[in-house]
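Visitor: Here the protein sequences come in this chain order: A, B, C and D. Using numbering that gives the first Met the number 0, the letters of the first sequence map in sequence onto residues 0 to 151. Using numbering that gives the first Met the number 0, the letters of the second sequence map in sequence onto residues 0 to 255. Using numbering that gives the first Met the number 0, the letters of the third sequence map in sequence onto residues 0 to 218. Using numbering that gives the first Met the number 0, the letters of the fourth sequence map in sequence onto residues 0 to 203.
Please keep in mind that the hints were generated in silico from the structure rather than gathered at the bench. Mixed in with the good hints there might be a few duds.
Okay, derived cross-link-like pairs now, SDA-like style, lysine to any residue, Cα gap no bigger than 25 Å in a straight line [unchecked claim]: (1) LYS124/D x ASP82/C; (2) LYS117/B x GLY111/A; (3) LYS87/B x PRO125/C; (4) LYS117/B x PRO82/A; (5) LYS87/B x LYS193/D; (6) LYS87/B x VAL24/C; (7) LYS117/B x LEU81/A; (8) LYS26/B x ARG156/B; (9) LYS87/B x SER51/D; (10) LYS87/B x ALA41/C; (11) LYS124/D x ALA60/D; (12) LYS117/B x ASP103/A; (13) LYS124/D x ALA155/D; (14) LYS193/D x GLU180/D; (15) LYS124/D x ALA210/C; (16) LYS117/B x GLY122/A; (17) LYS87/B x GLY73/B; (18) LYS124/D x GLY171/D; (19) LYS117/B x ILE78/A; (20) LYS87/B x PHE69/B; (21) LYS117/B x GLN109/A; (22) LYS87/B x MET58/D; (23) LYS87/B x THR153/C; (24) LYS117/B x GLN106/A; (25) LYS117/B x GLU56/A; (26) LYS117/B x VAL121/A; (27) LYS117/B x LEU22/A; (28) LYS87/B x ALA60/D; (29) LYS87/B x ILE63/C.
Listing some non-contacts, in silico: residues in chain B with all C-beta distances to chain A over 10 Å [to be verified]: (30) SER111; (31) PRO118; (32) VAL122; (33) THR125; (34) LEU141; (35) ARG218.
Built from N, CA and C at the ideal position, the CB exists for glycine as well.
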Amino acid sequence: MTEQPGETGTPLPPARTNYRAFLIPAVGLLIIIGGFLLFGNLNSNLVYYLTTSDAVENQSDFPDGRRFRLAGEVVPGSIENLPSGTAFTASDGTTAVAVRHQSDPPQLFQEGIEVVVEGTWVGDVFVSDVMLVKHDEEYRAPEEGNYQEESP
Amino acid sequence: MTTDSETSTDPQAGHDGSGRTSTPVRKLDGIAVAGIVLAIVVAMTVPADKLQGDVQRLMYVHVPSAWVAFLAFGVTALSSIAWLRTHKVTWDTTAAASAFVGVFFTGTALASGMIWGKPTWGVFWTWDARLVSTALLFVIYLGYLALRRATPDPIDRARRSAIMGIIAALQVAVVYKSVDWWVTLHQQSSRNSIDPALRLSLWVSVLAFTIVYIGLTSRRRALLEAEESLRLRGLRGSAVAGDAISKPNLEARSDG
Amino acid sequence: MTFWRQVRTVIANNLRVERRTLEVVGVTFPFAVATLIAFGLAVGIDAALLERIGPALYWVVVLIFSVLIILRSSGTGSAAQRDLMKLLAVDPAVTTVAAGLSAALIMLVFEILLLPVTMLLFNWTPGTWSWVVTLPMVALGLGLLGSLVNTVTTSLSSRTSLAAILIVPGSIPLLVAATNSLEATTYGQGILPWLLLLLAVNLGLGIAVVALAGPIDDL
Amino acid sequence: MLQLGNTPVLADVTLAVDMGTAIGLTGANGSGKSSLLRCLATLQRPTVGTLSVLGFDAMTAERRGARRYITLIGHDAGLYPSLTLRENLDLVADMLGRSRDHTLQALEAVGLRGAAARPLEAASKGMVRRLELARVLIQQPRLLLLDEAHAGLDTASSDLVDQVVARVTADGGAAVVVSHEIDRLQSAVDNLYKLEAGILERLV
Numbered sequence: 000m001t002e003q004p005g006e007t008g009t010p011l012p013p014a015r016t017n018y019r020a021f022l023i024p025a026v027g028l029l030i031i032i033g034g035f036l037l038f039g040n041l042n043s044n045l046v047y048y049l050t051t052s053d054a055v056e057n058q059s060d061f062p063d064g065r066r067f068r069l070a071g072e073v074v075p076g077s078i079e080n081l082p083s084g085t086a087f088t089a090s091d092g093t094t095a096v097a098v099r100h101q102s103d104p105p106q107l108f109q110e111g112i113e114v115v116v117e118g119t120w121v122g123d124v125f126v127s128d129v130m131l132v133k134h135d136e137e138y139r140a141p142e143e144g145n146y147q148e149e150s151p
Numbered sequence: 000m001t002t003d004s005e006t007s008t009d010p011q012a013g014h015d016g017s018g019r020t021s022t023p024v025r026k027l028d029g030i031a032v033a034g035i036v037l038a039i040v041v042a043m044t045v046p047a048d049k050l051q052g053d054v055q056r057l058m059y060v061h062v063p064s065a066w067v068a069f070l071a072f073g074v075t076a077l078s079s080i081a082w083l084r085t086h087k088v089t090w091d092t093t094a095a096a097s098a099f100v101g102v103f104f105t106g107t108a109l110a111s112g113m114i115w116g117k118p119t120w121g122v123f124w125t126w127d128a129r130l131v132s133t134a135l136l137f138v139i140y141l142g143y144l145a146l147r148r149a150t151p152d153p154i155d156r157a158r159r160s161a162i163m164g165i166i167a168a169l170q171v172a173v174v175y176k177s178v179d180w181w182v183t184l185h186q187q188s189s190r191n192s193i194d195p196a197l198r199l200s201l202w203v204s205v206l207a208f209t210i211v212y213i214g215l216t217s218r219r220r221a222l223l224e225a226e227e228s229l230r231l232r233g234l235r236g237s238a239v240a241g242d243a244i245s246k247p248n249l250e251a252r253s254d255g
Numbered sequence: 000m001t002f003w004r005q006v007r008t009v010i011a012n013n014l015r016v017e018r019r020t021l022e023v024v025g026v027t028f029p030f031a032v033a034t035l036i037a038f039g040l041a042v043g044i045d046a047a048l049l050e051r052i053g054p055a056l057y058w059v060v061v062l063i064f065s066v067l068i069i070l071r072s073s074g075t076g077s078a079a080q081r082d083l084m085k086l087l088a089v090d091p092a093v094t095t096v097a098a099g100l101s102a103a104l105i106m107l108v109f110e111i112l113l114l115p116v117t118m119l120l121f122n123w124t125p126g127t128w129s130w131v132v133t134l135p136m137v138a139l140g141l142g143l144l145g146s147l148v149n150t151v152t153t154s155l156s157s158r159t160s161l162a163a164i165l166i167v168p169g170s171i172p173l174l175v176a177a178t179n180s181l182e183a184t185t186y187g188q189g190i191l192p193w194l195l196l197l198l199a200v201n202l203g204l205g206i207a208v209v210a211l212a213g214p215i216d217d218l
Numbered sequence: 000m001l002q003l004g005n006t007p008v009l010a011d012v013t014l015a016v017d018m019g020t021a022i023g024l025t026g027a028n029g030s031g032k033s034s035l036l037r038c039l040a041t042l043q044r045p046t047v048g049t050l051s052v053l054g055f056d057a058m059t060a061e062r063r064g065a066r067r068y069i070t071l072i073g074h075d076a077g078l079y080p081s082l083t084l085r086e087n088l089d090l091v092a093d094m095l096g097r098s099r100d101h102t103l104q105a106l107e108a109v110g111l112r113g114a115a116a117r118p119l120e121a122a123s124k125g126m127v128r129r130l131e132l133a134r135v136l137i138q139q140p141r142l143l144l145l146d147e148a149h150a151g152l153d154t155a156s157s158d159l160v161d162q163v164v165a166r167v168t169a170d171g172g173a174a175v176v177v178s179h180e181i182d183r184l185q186s187a188v189d190n191l192y193k194l195e196a197g198i199l200e201r202l203v
């Protein structure tokens, strides 16, 4: 299939738009923002929970019934089994908060571990129904003869 | 000027046109099986994590699955770019095969992660960035495969899915990094905080899974290319579109 | 005729079509309001809970209804319309960018209309200024993504369902950034990272629209 | 050769159109006429073969250069149903960088001046076809491709089609006209071809 151009001459092709003027700065900006998001150490700001100190300090901002997340370490010796759930004291090292968790805690829940609980203030007790254990990033082989039994 | 390359299959591809698998692909199967066996042996002999116990051995399925899934989607994106530049059929089939295998491993990573999550976090599912992002990854690439199925014309399909393969990778990058941005319980990368014996074992299984990925992808690709050559063979000497319309024959019906 | 003048002409044209048909303001928006009401009824009378889920519902409705806005008949452009534009020697990037921007503008109107309705129904006050930034950024991202998805699903028989599954998971980063900037304020944190994320997603989509427009048109 | 999906549509087509002439194309439904037109319009690329349109190699990206000199009038107008006839033409003029003054003249020429403010969706099929002919007058193409040129049109509209074709060829352009009305077609074109089962055959 051929279409012969006439003697009127071939019209010139319209110039192709050159996008480099847009693409190069845009990609550059994207790399800068991306790098800032990846390595800008913004992570620490982005885990949304209140430490026990913050929670006690701002108790008036979170009146009874307003849910929020609370993080703290389970104070050794404070765990107490209740008919429905468990009670313990969470602390960030300076302030301690009594927590009543109203369902079964996860298996890894134990003394000295970091937990995040979600719930509301009821008076001075934090009543939670969601608990997440903050898993640390360490994987260790058990030392000889010190194997901790885990039921699956 | 001929454009044969667009529809003819690449002679270098891992099949001989008859749909039979070629020797390199079969050799790869052997290596993959050996790798998996080795990975299982190593994974079951190294000590388990002190805190978690045997449950932690799920890591040797979970982490390599996730790694392979990301690898697969990366390959899809790069092949998509290559297709847009060269229009070679083999890039399109690579992208399709890789996405297909990637979806499978995303599923594996999700399932193993949920099984692992129950004893460690106490829940199968939590609104965690890594879980959510992986589930989304799964859905995005199911969409990619759906787009491929919905487009009948091979060149049109290659073009549309190449564009989709690139956009999806863009989104995957964002969704994937959200693990560092969003409230999370999933650990960050544990490369530096892992026991050497466990780390070795993890590397063995990552390697084994990667070989399995290569094997599955090349098989899938060979299948797609065999289908394509079959289609082309059927095409030669077949009727043109207009032949499907024949002379109306109202008489025949009214007589009956 | 320069690139941006052509883009402006097409956008003006698309907006004129919307003004004439009122497809989004007159049909999609009332449907969205009905959905919000249905949601409230389904949750039941728990004022505290409804108050808390208000903003979340708002964003989910914006996200889901963006599919309807993107797929509105005047927005998708038929195959014949695309052919006409090609034969008027309009650069494919013009068509794609203009479709994305006009969808974004219409989506912004939709968002602005829906905001007071949500505030009223769920008795909720957005106490931050961040809306001024998040609303247009989310609209822009959804518009650009929708324009890309439209081009890859054009004239396919299963396009409505396909477009939905391609748009909704793809727009999750926008949803995450929009909702988390609200939550960040609740916990007294800065929202800068979320705004940066929105900006990064929009930039990435913008680059994809311009860089892929050529290949989309390629035969 | 052009193949769509699994079916070859055009098998063996060799066609040259001289500038300043019009050719007619006829053939049964599904014989590949529309596909041939779309190939000539650079909207579709033959799977194998060569295709040169207005001196541009349409098998490569060069095809974009040819586009602004081509008008295709196909089954679907590709215009905006909710806009008026005039607004639709204004858009075409804007995108071509032509003055909007041509719009009213073109509407006048095709006898639609009185309906300029009517929305396209309220226009009949014949009016839409006339509007597209007005588009030809604005665009002044070097290559005019008309699909089903006379289908469903009254005598006056059909005459208008032929006049517009004559106008394009008189200006030195080429035209390919697809129609089933062979008698009418014969008087309007210089050469007549028949497309049957993907194979092109010259009639006159």
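Visitor: Taking the hints in turn, state whether each one holds.
Guide: Outcome of the hint check:
Pair hint LYS124/D plus ASP82/C holds up; C-alpha atoms about 20 Å apart against a cutoff of 25 Å. A hinted pair counts as satisfied when its Cα atoms are at most 25 Å apart, and LYS117/B with GLY111/A qualifies at roughly 21 Å. Proximity of LYS87/B to PRO125/C is assessed by CA-CA distance (about 53 Å); at most 25 Å being required, the pair is judged violated. At roughly 22 Å between alpha-carbon atoms, LYS117/B and PRO82/A fall within 25 Å of each other, so this suggested pair holds.
Between the alpha carbons of LYS87/B and LYS193/D the distance comes to roughly 35 Å, so the proposed pair goes past 25 Å and is violated. Our distance criterion of 25 Å between C-alpha atoms is broken by LYS87/B and VAL24/C, whose separation comes to about 46 Å. Between LYS117/B and LEU81/A the alpha-carbon distance is near 22 Å, which keeps this suggested pair within the 25 Å criterion. Of the supplied pair hints, the one linking LYS26/B and ARG156/B is violated, its CA atoms being roughly 32 Å apart against a limit of 25 Å.
For the hint pairing LYS87/B with SER51/D, the CA-to-CA distance comes to about 23 Å; that is within 25 Å, so the pair holds. Among the hinted pairs, LYS87/B with ALA41/C is inconsistent with the structure: their alpha-carbon atoms are about 53 Å apart, more than 25 Å. Between LYS124/D and ALA60/D the CA atoms are separated by roughly 35 Å; this puts the pair beyond 25 Å, and the hint is violated. Restraint check: the Cα-Cα separation between LYS117/B and ASP103/A comes to about 13 Å, which is no more than 25 Å; the hinted pair holds.
The suggested pairing of LYS124/D with ALA155/D holds, with an alpha-carbon distance near 14 Å, which does not exceed 25 Å. A C-alpha spacing of about 12 Å is found between LYS193/D and GLU180/D, which places the hinted pair at or below 25 Å, so the restraint holds. Among the hinted pairs, LYS124/D with ALA210/C is inconsistent with the structure: their alpha-carbon atoms are about 39 Å apart, more than 25 Å. Simply put, LYS117/B and GLY122/A have alpha-carbon atoms about 32 Å apart, too far for the 25 Å limit, and the pair is violated.
At roughly 18 Å between alpha-carbon atoms, LYS87/B and GLY73/B fall within 25 Å of each other, so this suggested pair holds. Only pairs whose Cα atoms come within 25 Å are accepted, and LYS124/D paired with GLY171/D is rejected, the gap being roughly 29 Å. In summary, the hint linking LYS117/B to ILE78/A is supported, as the alpha carbons are separated by about 22 Å, within the 25 Å threshold. Proximity of LYS87/B to PHE69/B is assessed by CA-CA distance (about 24 Å); at most 25 Å being required, the pair is judged to hold.
Taken as a hint, the LYS117/B and GLN109/A pair is honoured in the structure, with Cα atoms around 16 Å apart against an allowance of 25 Å. Using a Cα cut-off of 25 Å, the hinted pair LYS87/B and MET58/D holds, with the two alpha carbons roughly 16 Å apart. This hinted pair checks out: LYS87/B and THR153/C have alpha carbons roughly 23 Å apart, not beyond 25 Å. In summary, the hint linking LYS117/B to GLN106/A is supported, as the alpha carbons are separated by about 9 Å, within the 25 Å threshold.
Under the criterion of a C-alpha separation no larger than 25 Å, the hint pairing LYS117/B with GLU56/A is inconsistent with the structure, at around 34 Å. Proximity of LYS117/B to VAL121/A is assessed by CA-CA distance (about 29 Å); at most 25 Å being required, the pair is judged violated. Distance restraint check for LYS117/B and LEU22/A: the Cα-Cα separation of roughly 46 Å exceeds the 25 Å cut-off, and the hinted pair is therefore not satisfied. Annotation: proposed proximity of LYS87/B to ALA60/D holds, straight-line Cα distance about 17 Å (limit 25 Å).
A threshold of 25 Å between alpha carbons decides the hint, and for LYS87/B with ILE63/C the separation of about 37 Å lies outside it, so the pair is violated. With a least CB separation of 15 Å from chain A, SER111/B remains clear of the 10 Å interface cut-off, as annotated. Its closest Cβ contact with chain A, about 5 Å, brings PRO118/B to no more than 10 Å, contrary to its assignment away from the interface. Separation of VAL122/B from chain A is inadequate, the least Cβ-Cβ distance of about 7 Å not exceeding the 10 Å criterion.
Listed as outside the interface, THR125/B is inconsistent with that label: its C-beta sits roughly 6 Å from the nearest C-beta of chain A, within the 10 Å cut-off. Every Cβ of chain A is farther than 10 Å from the Cβ of LEU141/B; the closest lies at roughly 27 Å, confirming the non-interface assignment. Listed as a non-interface residue, ARG218/B keeps its Cβ farther than 10 Å from every Cβ of chain A; the least gap is roughly 34 Å.
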